[in-house]
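Q: Sequence:
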Amino acid sequence: EGKILLYSTQTSLLTVIAEAILALVFPFRWEHVYIPVLPLQLIEFVNAPTPFIMGVNSYSLRQRRESFLAASCPEDVVVVNLDENKLRLPTRPLQPLPPRQHRK
Numbered sequence: 038e039g040k041i042l043l044y045s046t047q048t049s050l051l052t053v054i055a056e057a058i059l060a061l062v063f064p065f066r067w068e069h070v071y072i073p074v075l076p077l078q079l080i081e082f083v084n085a086p087t088p089f090i091m092g093v094n095s096y097s098l099r100q101r102r103e104s105f106l107a108a109s110c111p112e113d114v115v116v117v118n119l120d121e122n123k124l125r126l127p128t129r130p131l132q133p134l135p136p137r138q139h140r141k
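Convert by adding 37 to the 1-based position in the sequence shown; the result is the number in this note's numbering.
A few of these clues could be false.
[To be verified] Each pair of labels, with its calculated beta carbon distance range:
#1 140 / 39: 27 to 33 Å
#2 71 / 133: 33 to 39 Å
#3 138 / 66: 30 to 36 Å
#4 127 / 57: 38 to 44 Å
#5 69 / 139: 29 to 35 Å
#6 77 / 134: 19 to 25 Å
#7 133 / 70: 39 to 45 Å
#8 123 / 68: 35 to 41 Å
#9 121 / 79: 19 to 25 Å
Just so you know, these hints were derived from the structure itself, not from any lab. Since the structure is predicted, the reported quantities are computational estimates derived from the model, not experimental observations. Just so you know, even glycine gets a beta-carbon here, dropped at the ideal spot from N, CA and C.
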């Protein structure tokens, strides 16, 4: 569970990549917020406290992209720039998996 924000100038690419992420979760199901193309008017939803997969058309963000990522996007969000193949990982380290329990 985590927060993933995808952005690209190609809206169709956002949907394809978001669906691919859901396919990678199989055999489990993603039960959290899933918005493959988030309208710019709802961009504040990236501050949601719950896990999510969201996509944003970066053409809409072109003038405020850097300022948005620096100021508005929380530190715990994985930000994926699909146009430039860049990834911003959370600064806070991930919690380790619990130790493996052996069956008796």
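Q: Determine for every hint whether it applies to the structure shown.
A: Hints, verified against the model:
1. Distance hint check: the CB atoms of residue 140 and residue 39 are about 29 Å apart, consistent with the given range 27 to 33 Å.
2. Between residue 71 and residue 133 the Cβ separation comes to about 27 Å, which falls outside the hinted range of 33 to 39 Å.
3. About 24 Å separates the C-beta atoms of residue 138 and residue 66, a value inconsistent with the hinted range of 30 to 36 Å.
4. At about 21 Å, the beta-carbon gap between residue 127 and residue 57 misses the expected band of 38 to 44 Å.
5. Remark: the range hint 29 to 35 Å for residue 69 to residue 139 is upheld by a beta-carbon distance near 31 Å.
6. Roughly 37 Å separates the CB atoms of residue 77 and residue 134, a value that falls outside the hinted 19 to 25 Å.
7. Between residue 133 and residue 70 the CB atoms are about 25 Å apart, so this pair departs from the stated range of 39 to 45 Å.
8. At roughly 28 Å, the beta-carbon separation of residue 123 and residue 68 lies outside the given 35 to 41 Å, and the hint is violated.
9. One distance hint, 19 to 25 Å for the beta-carbon pair residue 121 and residue 79, holds here, with the actual separation near 24 Å.
In summary, the numbered hints that this structure violates are 2, 3, 4, 6, 7, 8.
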